[in-house]
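Spelled out from the first residue to the last, the chains are:
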Amino acid sequence: MHKWWSLLFGTVMTAAVLLFVVAFPLGWWLPENIAIGTGNYGKRVDNLFYLILWITGFFFILTEAIMVYFLFVYAGDQGNLTPANRKYGGELKPPSLFGFIIRPLARLIHDQHRLELAWSIVPAIILIIIAVTQISAWEAIKYQSKMPSPGGVGVQQIEVSARQFEWRVRYPSLARMDDWQKEPKYAEDFSEVAHLDDIRLVNEVHTWVGQKVLVHLKTRDVIHSFYLPNLRLKQDALPGKTIRVWFQAEKANTRKIGDDWVDGDGYDPQSGKPNNPEKVWELACAELCGWGHYKMIGKLYVHETEADFRAWMEHARGKQYLTDPRKTE
Amino acid sequence: MSFFSLRWKPGFRRQVYGLPITFSLVVLSGCGDNEYSADLRYPARTDPLVPRKMDTVPPHLDKPGDFPAILSKLHFTDEELNKKFEAEKKNFLDPTNLNTKTRDQIETRLEQLFGTPFKPKVDIQQLSEDVRQSLNWDENRRLLRLDENTLSQGSIAYRHHCLHCHGLPGDGRGPTSPWVNPHPRDFRLGIFKFTSTKGGNDRKPRREDLLRTLKEGIESTAMPSFALLPENDLQAIISYVIHLSMRGDLETNLIQRLLMESDYSLKDAVEENIGAIVASWINAANPQSLIVPEATNAVFPPGREQRQSVKNGFDLFRSTKDAGCIGCHKDYGRQSDFFFDAWGTIGRAADLTTGVYRGGRRPIDFYWRIHQGVNGSNMPSFGNLLKSEEIWDLVSFLQVLPHPKMREMFDIQFD
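In the order they appear, the protein sequences are chains A and B.
Using our numbering, read the first sequence as starting at 485 and increasing by one per residue.
Using our numbering, read the second sequence as starting at 85 and increasing by one per residue.
Treat each hint with caution, since some may be false.
[To be verified] Listed next, the stretches of chain A that the computed footprint assigns to chain B, with coverage defined by at least 3 CB atoms under 8 Å from CB atoms of chain B:
hint, region
1, 645-652
2, 672-686
3, 752-761
4, 794-806
In case anyone wonders, no lab produced these hints; they're calculated from the structure.
Every residue gets a Cβ at the ideal spot worked out from N, C-alpha and C, and that includes glycine.
Full structure from sequences and hints, please.
So, in structure tokens, the structure goes:
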């Protein structure tokens, strides 16, 4: 093996680390986290991510550096000894440059069995630490007992049916939501019973700041995955099941511009691009579901206040119950 | 071992060349052009023309993969049915019966008028003065937005999003089409199901109707929602679909006339037919064509005050004269028979108890479907038979029908 193999590996590794270093200032990093409150799990998910990133990053750089070093130093020629280890009479010993570090360590782990034990047990302990740390976050996201319950005060329910290749969303009408506040027990059948006055939309999930949303996730054909990157929420939608997920958005991105409510601070009529792409929050499908999986994207609209949400809901209701086509269409 | 001193053993070549070949394949395969290639032409039509809807009542849908060879692959176990089906198939017109010269002439003429996939156009200017005058083309061309820029943009967007189902000439026979049922719309008949315009079977939809289909998708079919495409892409696609429909419509008419009347002049055939086709699209774009229901007291969604209205609708639905919906929507749609539609594919009267509506779920959508029928299918128009209030009564009933608890509230009973 030639020494340039070590160059190749070294370059790739260095490029990877450099890319990682410049990613954050260049904005190639995690999408905006809008689930940041104390009762929310968004911060916990991000913290876990960073914990695992630093641990694995440290070991990655360490092992890659050692590997590149050994590739370089022990690069031989047809099985002949390099000048470095020829010096030691054919025995493979590290050259003196690192001897002062390695030799004392080598005394502790002076046989292979102990070395292998060491590098099995230490990572195992680290993994157990990670596994234990993430339990509370998992519980907050996935456990039904920790989710807002359908009859809960101040809980917004919606039903999301994933379909190739769109998200069909069903909202209770405002009248029904108000009813539920008075009689919470009527809220429990929403996921199973479609009501006459429900509002149905495609690819739009609407809520308002600070509101807890309980989503009943269904799919009409194959496995899809409900993924809200900005809320750090992902859940597979399985055929035959209704799966509950919950989220709480704590920043807004939607306002009324002209006649309609838009995100992204409005869209340029010529290019179709949003004026503020940071404020376009997507609902993406995260499970390969067919040819259209790449474009199975919906939008998350977070209104600033409940009043704004209600105004929008009235507008949507008017569109859904249109009887005069000359009005807004 | 250095790379250059390795011995060239058998099988070595595979290992050595494998990596760079794989690498280059991966790199080179992904990048393509946005447009159709400049030398691509719309293919000459070879699938049979369906001159009128078949009467045979199929007992089931076609199997996945049968389409588009549905006519040759469909066989029924019932002998009688099969015989009837075979007899009706004899009515079909086979474009390949025209001689090659005629077919070439047709395709050349179509290319002169409608361009190629790469450079689509609707070139009415080359037609005679009479036709242009009768269409008032100078004013009306703007209505339909069939200028070359829009059509080019539409062609690119169509190729990305629509081609694989709806096919290159808009024939609904793209590679995905055999595997989805209902099959993708064939634009070449110029028939669109969900229209809001006045007229008979040759009526066309408004751009807004097509836009609604694009934005909402069609629930219970493979047509997804394209709401997140930029607005001008959607408008360009609509223009391109209208272009494909006009082209296909003209091609269908020409082939039909020339097959049935062998000494018909191509030039005359073109002039006669293109005028009518473009006129029908212009007509649909005219605000006067929109069906605007009379002012109504109906409230949606229906509440307790609308009891009588819902009850009226229920009676109308079940009546054996007037509306008589239950005749086709048997058991409220749960046991409807199948039929062959105008495109030669199999459909059935909608199951109205599911709450899933392909043409849209707004009261106005229901109104349009009942008033005008569904073009291309067996749903007739009731606009002349029923009064406006009766249609609204039916709509109220239909809104309540899928919801068992609401049916209780309105005292609607059936098994």
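message: Are any of the numbered hints broken by this structure? If so, which, sorted upward?
response: Violated: none.
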